[in-house]
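There are 2 protein chains.
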Amino acid sequence: MSDENDKKWFDKKISRRDFLKKAGMVGAGAAIGASGAGAIFANMFSGKANQVVGNEEISFYGEHQSGIATPVQKNVYFAVLDLHSTDKEEIKQMFKDWTDYSEKLMKGELVAPELANHLVPPLDTGETVGLNPYRLTITFGISPSFLDKLKLDNKKMEEFKDLPHFPRDQIKDKYKGGDICIQACADDAQVAFHAVRNLVRKGRALITLKWTQAGFLPIGNGKETPRNLFGFKDGTENPKNNNDFKNVVWYDKNNWLKNGTFLIVRRIQMHLETWDRTNLQEQENTFGRYKESGAPFGETDEFATIDINKKGPDGKPVLPIDSHVYLAKKADVKIARRAFSYSNGIDEVSGQFDAGLLFICFQKHPDQFIKIQNSLGNDDKLNEYITHVGTGIFACFGGIKKGEYIGQKLFE
Amino acid sequence: MSDENDKKWFDKKISRRDFLKKAGMVGAGAAIGASGAGAIFANMFSGKANQVVGNEEISFYGEHQSGIATPVQKNVYFAVLDLHSTDKEEIKQMFKDWTDYSEKLMKGELVAPELANHLVPPLDTGETVGLNPYRLTITFGISPSFLDKLKLDNKKMEEFKDLPHFPRDQIKDKYKGGDICIQACADDAQVAFHAVRNLVRKGRALITLKWTQAGFLPIGNGKETPRNLFGFKDGTENPKNNNDFKNVVWYDKNNWLKNGTFLIVRRIQMHLETWDRTNLQEQENTFGRYKESGAPFGETDEFATIDINKKGPDGKPVLPIDSHVYLAKKADVKIARRAFSYSNGIDEVSGQFDAGLLFICFQKHPDQFIKIQNSLGNDDKLNEYITHVGTGIFACFGGIKKGEYIGQKLFE
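These protein sequence lines are chains E and L, in that order. Residue numbers for the first sequence follow the UniProt record's numbering, beginning at 1 and rising by one. Residue numbers for the second sequence follow the UniProt record's numbering, beginning at 1 and rising by one.
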């Protein structure tokens with residue numbers, strides 16, 4: 001087509017915001033602060049039987065980053081990136097650009113206004129035009145190697161180092177390491193993917209993709225813990241209120257990570273076929289929970305406090321001492337668990353489903369997770385059915401105010 | 001735990017149906033017939049700004065299988081299976097079992113009542129307990145090799161054979177062939193995965209997994225064509241009413257496939273990074289559509305009829321003759337397109353996103369697709385940005401009445 005045709009025939013460009021307005025999608029949901037209020041599984045739906053998703057807009061700004069204490073969404077797109085530059089100024093600029101992009105993405109806007117000039121690539125890849133934000137949250141973290149590469153030696157912290165090798169780990173090189181993580185969560189898979197894609201695109205001169213994984217959760221009525229692919233509820237003792245998050249999650253020492261947290265990710269392959277051939281008694285003994293209700297043995301409510309010393313009327317312990325729940329609880333520390341299921345087609349070696357858990361958790365000190373994983377690593381009956389194949393630790397910055405940029409306290 | 005403890009401590013088992021009733025989830029949505037009524041993109045949401053998903057229950061029974069004319073869902077789990085038995089009676093029984101399972105799955109029930117005996121594996125894998133059906137549909141099809149393997153020579157049809165090699169095809173062995181396909185679609189990824197997992201599990205003595213792919217769609221307000229990962233709308237000329245489906249989709253000769261259709265699947269890798277470096281003019285010329293509105297060149301409505309002979313005021317053709325829309329339309333046949341996006345982490349060769357389109361379409365005669373694909377194959381500008389890596393053709397049986405089983409007319 002000639003340029004002349006171009007002028008005549010192309011639609012007048014409208015901004016995505018205008019587009020949304022046209023569709024009556026803006027302003028219906030109030031902005032929700034990302035300041036850590038509310039339990040992970042708060043009742044976020046207004047309907048009784050119908051599930052209402054996506055319309056609320058979450059702010060990128062606040063005391064803490066979003067996507068940590070935010071009630072969990074249906075989808076995640078998690079990306080680990082490698083730095084290909086050691087120029088601090090360039091990287092700083094990338095985080096400034098990412099701040100600008102993230103604010104817009106979380107509002108459901110284009111990452112940049114559409115250009116009148118058709119002879120350049122669109123600034124936004126465009127696959128979310130016309131959609132609401134679907135409760136999109138974007139969470140950034142950096143790894144210990146990031147500090148090394150940028151020679152930020154004075155920002156190092158004793159506790160912030162690569163995770164140890166845990167008993168039975170079978171970590172693959174392709175699923176470990178990396179310098180930066182971006183966690184995009186939303187109630188729509190395309191919205192989450194679009195966010196990471198556009199952020200990566202903006203930084204592509206400075207970064208490459210190390211590994212990524214899409215994940216999903218069945219949110220249901222939003223009041224129960226979503227089931228994993230073994231059909232069980234897990235992580236029912238998550239922080240439930242601001243005070244819990246303060247105690248368990250938010251880093252509170254007075255340095256660049258203040259109001260941030262440590263994100264730990266584990267890619268856990270679940271051997272579904274083996275599990276599916278295991279009898280119900282054994283399955284329940286493995287978790288130490290009833291499958292149907294999700295309650296720990298001896299309780300009826302999934303959210304009941306787990307008491308590892310509890311004995312039945314016959315004087316015997318209620319929880320098997322090699323059960324997942326017993327060993328996790330025995331570590332006597334808490335974490336905020338925000339895990340998603342994944343399914344990646346067929347495992348080429350086994351010919352079975354390649355599926356599992358993209359385990360993500362947040363804690364103010366890595367030792368919280370390390371203590372739990374060490375307790376599980378040797379004895380957990382669940383190890384017969386799972387394999388940890390990926391790992392990562394990232395320091396997620398504190399939240400920022402408008403006018404600041406994500407990571408600012410690290411760079412300045 | 002001892003059996004004695006078992007009796008004392010395990011929750012009284014309740015059926016999933018009871019569970020749903022308890023949660024107030026049953027009966028809220030009326031059953032929707034699968035008989036082909038309604039357009040693919042019917043307005044399926046009752047809220048204005050909020051999107052309400054999943055609550056409607058779709059019947060497995062009807063004149064046609066569900067998941068073909070059903071308004072498209074947010075998620076698909078598509079599986080291609082290989083037969084490992086040539087015993088017709090065994091396979092027939094598997095389809096009977098699958099019919100029983102599918103009816104229950106689409107109602108949001110367990111595939112079989114939970115057993116009192118804890119010493120056997122649960123019959124249902126359980127990861128959807130407590131969820132509503134999320135508009136689950138399950139669609140079964142068989143390939144030409146299925147007829148060969150079961151020596152059903154008298155059921156063969158001249159038009160039902162493996163697809164030809166199309167220009168520029170780069171089909172991988174792992175993504176072609178197979179004897180049976182199962183398409184599970186739902187507004188929840190875990191519900192779709194659960195359906196295929198439990199069906200495969202039931203038949204595991206007779207079948208193995210060949211390839212599977214999960215896919216997603218941004219449904220938005222349900223009135224617009226969902227955008228693909230290039231940010232474009234495609235397939236806007238889908239059948240819109242019963243008459244269209246009758247003309248385009250439903251097989252109407254008087255044999256075992258009556259009221260069924262041919263499903264064609266193409267796994268299409270999309271080279272996102274290349275596309276993202278292409279200017280907007282070139283992107284729009286490639287599709288022959290405006291990116292923002294989705295309308296074909298020269299029109300303002302995405303659903304406008306495409307007129308390949310239309311000329312602008314300057315007398316020049318409006319649609320580039322190598323554009324996707326021009327060439328698809330030039331073939332002068334219609335299909336029912338029901339495609340989903342996919343993202344599978346990183347392509348290990350390129351280090352870029354492994355993402356694309358799980359293209360699925362339905363037609364009463366394979367030549368409809370073949371004619372379009374031949375028109376596209378040589379000249380479509382879009383070929384610079386995509387690669388077809390997987391392929392399949394399956395005959396999807398007609399619908400059944402309660403008491404019948406899926407595929408019955410083929411076997412008897």
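There could be a bad hint or two in this list.
What the hints assert, rightly or not - Think about it this way: if two alpha-carbon atoms lie no more than 20 Å apart in a straight line, the pair counts; the simulated SDA-like pairs of lysine to any residue are: (1) E:K381 / L:P121; (2) E:K176 / L:K88; (3) L:K174 / E:K409; (4) E:K174 / L:P121; (5) L:K156 / L:S145; (6) E:K92 / E:K402; (7) L:K88 / L:K174; (8) E:K156 / E:K409; (9) L:K174 / E:K402.
Stated by the list, open to error - Listing some non-contacts, in silico: residues in chain E with all C-beta distances to chain L over 10 Å: (10) E103; (11) L119; (12) G220; (13) G235; (14) E292.
Worth flagging that the hints you see were computed from the coordinates, not collected in a lab. We put the beta carbon where it would ideally sit given N, CA and C, even for glycine.
Do the alpha carbons of K174 of chain L and K409 of chain E lie within 20 Å of each other, as the hint requires?
violated, 49 Å
Please verify whether K176 of chain E and K88 of chain L have alpha carbons no more than 20 Å apart.
Violated, because 48 Å separates the two Cα atoms, which is more than 20 Å.
Taking only the CA atoms, is the gap from K156 of chain E to K409 of chain E under or equal to 20 Å?
holds, 13 Å
Taken at face value, is the distance from the CA of S145 of chain L to the CA of K156 of chain L at most 20 Å?
Judged against 20 Å, a Cα distance of about 10 Å means the pair holds.
Holds or violated: K174 of chain L with K402 of chain E, Cα cutoff 20 Å?
violated, 50 Å
Run the distance test for K174 of chain E versus P121 of chain L: straight-line Cα separation, threshold 20 Å.
Not OK: K174 of chain E and P121 of chain L at ~35 Å, beyond 20 Å, violated.
Please verify whether K381 of chain E and P121 of chain L have alpha carbons no more than 20 Å apart.
Holds, because 17 Å separates the two Cα atoms, which is no more than 20 Å.
Should the label of G235 of chain E as a non-interface residue stand, given a Cβ cut-off of 10 Å to chain L?
holds, 15 Å
Non-interface claim for G220 of chain E versus chain L (Cβ beyond 10 Å):
Since the minimum Cβ distance to chain L is about 5 Å, G220 of chain E lies within 10 Å and the statement is violated.
Against chain L, does E292 of chain E hold up as non-interface, every C-beta pair farther apart than 10 Å?
Non-interface label on E292 of chain E violated, nearest chain L Cβ at 6 Å vs cutoff 10 Å.
Non-interface label on E103 of chain E, tested against every C-beta of chain L at 10 Å:
holds, 21 Å
Over 10 Å from every CB of chain L: does L119 of chain E meet that, or does the non-interface label fail?
violated, 5 Å
Checked against the numbered hints listed earlier, the structure breaks hints 2, 3, 4, 7, 9, 11, 12 and 14; every other hint is satisfied.
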